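Let the sequences and hints guide you as you build the complete structure.
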Amino acid sequence: MSKDFTPKIIYFMCGWCGTGGAESASAYHLYYPENVLPFRVNCTGSLSPVHILRSLIEGADGVLISGCHPGDCHYEDGNFRARRRVGTIKSILGSLGLGEERVWFRYVAHGEGKRFVDTATEFNDHLKKIGPNPLKERSDT
Amino acid sequence: MKGSTLPVEKNIHETVIDFFKKGLDKKCFEAVILPKRVPSGDSFAYLLIKNESILEGTSALPPVIPVQGAKAISNLTRLGNAKEKILAIMHPCEIRATIELFKLKQAYLDNLIFLSFDCPGVLPLADYLENPEKNDQIYQQAFQKWEGKNMRPVCQICTEFSASASDLHIGLLGTDKGKFFLIPVSPEGEAILDSLDLKRDDSLDSWETEVKKLKKEKEDKRKEAHRVQKTEVKGPDKLSETFSKCINCHNCMRVCPVCYCRQCYFDSDAFKLPSENFIKRAEKRGSLRLPADTMLFHLGRMSHMILSCVSCGTCEDACPMSIPVAQIFSMVADDAQQLFDYKPGLNREEPLPNVVYQEEELQEVEKAYSETYSKAEEKNV
Chain A
428 MSKDFTPKII
438 YFMCGWCGTG
448 GAESASAYHL
458 YYPENVLPFR
468 VNCTGSLSPV
478 HILRSLIEGA
488 DGVLISGCHP
498 GDCHYEDGNF
508 RARRRVGTIK
518 SILGSLGLGE
528 ERVWFRYVAH
538 GEGKRFVDTA
548 TEFNDHLKKI
558 GPNPLKERSD
568 T
Chain B
2 MKGSTLPVEK
12 NIHETVIDFF
22 KKGLDKKCFE
32 AVILPKRVPS
42 GDSFAYLLIK
52 NESILEGTSA
62 LPPVIPVQGA
72 KAISNLTRLG
82 NAKEKILAIM
92 HPCEIRATIE
102 LFKLKQAYLD
112 NLIFLSFDCP
122 GVLPLADYLE
132 NPEKNDQIYQ
142 QAFQKWEGKN
152 MRPVCQICTE
162 FSASASDLHI
172 GLLGTDKGKF
182 FLIPVSPEGE
192 AILDSLDLKR
202 DDSLDSWETE
212 VKKLKKEKED
222 KRKEAHRVQK
232 TEVKGPDKLS
242 ETFSKCINCH
252 NCMRVCPVCY
262 CRQCYFDSDA
272 FKLPSENFIK
282 RAEKRGSLRL
292 PADTMLFHLG
302 RMSHMILSCV
312 SCGTCEDACP
322 MSIPVAQIFS
332 MVADDAQQLF
342 DYKPGLNREE
352 PLPNVVYQEE
362 ELQEVEKAYS
372 ETYSKAEEKN
382 V
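Top line first, the protein sequences correspond to chains A and B.
Here the first sequence is numbered in the working numbering, starting from 428 and rising by one per residue.
Here the second sequence is numbered in the working numbering, starting from 2 and rising by one per residue.
The hints are simulated quantities; they were obtained by calculation from the structure and are not laboratory data.
Be a bit skeptical, because a hint or two may be false.
BS3-like, lysine-lysine: derived pairs with alpha carbons at most 25 Å apart [as the list claims (entries may be wrong)]:
{"#": "1", "chain 1": "B", "residue 1": "K180", "chain 2": "A", "residue 2": "K435"}
{"#": "2", "chain 1": "B", "residue 1": "K180", "chain 2": "B", "residue 2": "K214"}
{"#": "3", "chain 1": "A", "residue 1": "K556", "chain 2": "B", "residue 2": "K180"}
{"#": "4", "chain 1": "A", "residue 1": "K563", "chain 2": "B", "residue 2": "K235"}
{"#": "5", "chain 1": "B", "residue 1": "K214", "chain 2": "A", "residue 2": "K435"}
{"#": "6", "chain 1": "B", "residue 1": "K285", "chain 2": "A", "residue 2": "K435"}
{"#": "7", "chain 1": "A", "residue 1": "K541", "chain 2": "B", "residue 2": "K285"}
{"#": "8", "chain 1": "B", "residue 1": "K239", "chain 2": "A", "residue 2": "K563"}
{"#": "9", "chain 1": "B", "residue 1": "K285", "chain 2": "A", "residue 2": "K556"}
{"#": "10", "chain 1": "B", "residue 1": "K281", "chain 2": "A", "residue 2": "K563"}
{"#": "11", "chain 1": "B", "residue 1": "K214", "chain 2": "A", "residue 2": "K556"}
{"#": "12", "chain 1": "B", "residue 1": "K180", "chain 2": "A", "residue 2": "K563"}
{"#": "13", "chain 1": "B", "residue 1": "K368", "chain 2": "A", "residue 2": "K555"}
{"#": "14", "chain 1": "B", "residue 1": "K285", "chain 2": "A", "residue 2": "K555"}
None of the values given here were measured: they were computed from a predicted structure.
So this is what it looks like as structure tokens:
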């Protein structure tokens, strides 16, 4: 893999905790890779599996999903539901060999700026290791 | 387990019809739903029968599934429970799909009594249309040998071919030709047998052993078939190749019993985009297949309904391009359902996996975080 491959990352974060983490990171002057595209959703529970699939097919190399920690969800149980959905989509991608390792799910709380930056950086490095997503190159999808 | 034994005079079918007639006479149920051969002679359609005389010429054990029975039940009860008792005879997979639709609030099951039978599988619809007479004979033979030859590929690896979610069950395995078992599975089923004065104290041991034996065989076959399936479709290249024949007719979605949405997301405005969008996408990839989003449709549909997929195979029957949709879906479904330890359509009380959650579960989905990650990176630099 060439070292200058820059993965395209879609970072779905919930409007309460995930984006709060990004805000905290900026308050602490922490940096995360510029190729991460933050995508705010109201709650990770509102994220349809199709959004994840569409990102992966239409050009993303990886998808990150961050919501509130268990028990912190603004809507009580959205993060638990999201975890089930992400589990399903990862299982589908795994069964069909489309790269379940390209989808990460990790809780990030409002104040956890460092955790947010670490997650983005770690995922970026992880994708650099496994290379570009073959689905995005195909014209017959 | 105990059940009744019914003697077969002419053939199984006639005896079943007799049972229906008795039930209608004694008001155990007010109507029956069962398939009848259509006038053209090469297919079957479900009929809601009130008049006893129409029972003549129906087929209790049809060799094909042209319309999934769950669709018929959903059509009947979408606005609420049936007001009269109705008995419906269906293949086990159709009953399981009905129960999934009940959980999705697209069908109501009060007053409905389901009668299932030991199903040897059904023939591929396209094969049947070519030569109905010959295929009728092939189907009759299937009840003798139970090896699944000529049946649809998903039927050959079906493990829920016997009594599972029904109220009454016709046991054909482990009997000699002169009789079959009528097995009450739920209290409603027992009540019907009681009111028809059918004693239910015959031993079902021979049926149970045969079912267990066949189930074990089929489970092994299923595992093996899924393993082979994975080698054929796994990976972006092979999967694209498999779906490359797709002509975007969306038949698989329309006939699927658990794809119930009145407006499918993939037919919605979310996919009606300005030409600039397509041109941009074509520019990125070099070219873009039109109509676009074929793969997204299949994978997206999968992500929507896979946890309720009962592997009934209707999608594969409906595919004009002979894409092995049902085989792929059944393989993916087994993996996904296992994640939640969920078996669709077996238990009405069991909630859908996407409706409930547990606080402590699926830790493997979360990516574990270690405080030291960024520090370790700094050291490497």
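Hints and how they fare:
{"no.": "1", "hint": "B:K180 <-> A:K435", "result": "violated, 66 Å"}
{"no.": "2", "hint": "B:K180 <-> B:K214", "result": "holds, 20 Å"}
{"no.": "3", "hint": "A:K556 <-> B:K180", "result": "violated, 65 Å"}
{"no.": "4", "hint": "A:K563 <-> B:K235", "result": "holds, 17 Å"}
{"no.": "5", "hint": "B:K214 <-> A:K435", "result": "violated, 52 Å"}
{"no.": "6", "hint": "B:K285 <-> A:K435", "result": "holds, 13 Å"}
{"no.": "7", "hint": "A:K541 <-> B:K285", "result": "violated, 34 Å"}
{"no.": "8", "hint": "B:K239 <-> A:K563", "result": "holds, 15 Å"}
{"no.": "9", "hint": "B:K285 <-> A:K556", "result": "holds, 23 Å"}
{"no.": "10", "hint": "B:K281 <-> A:K563", "result": "holds, 13 Å"}
{"no.": "11", "hint": "B:K214 <-> A:K556", "result": "violated, 48 Å"}
{"no.": "12", "hint": "B:K180 <-> A:K563", "result": "violated, 60 Å"}
{"no.": "13", "hint": "B:K368 <-> A:K555", "result": "holds, 17 Å"}
{"no.": "14", "hint": "B:K285 <-> A:K555", "result": "holds, 20 Å"}
Hints 1, 3, 5, 7, 11 and 12 from the list above are not met by this structure, while the remaining hints are.
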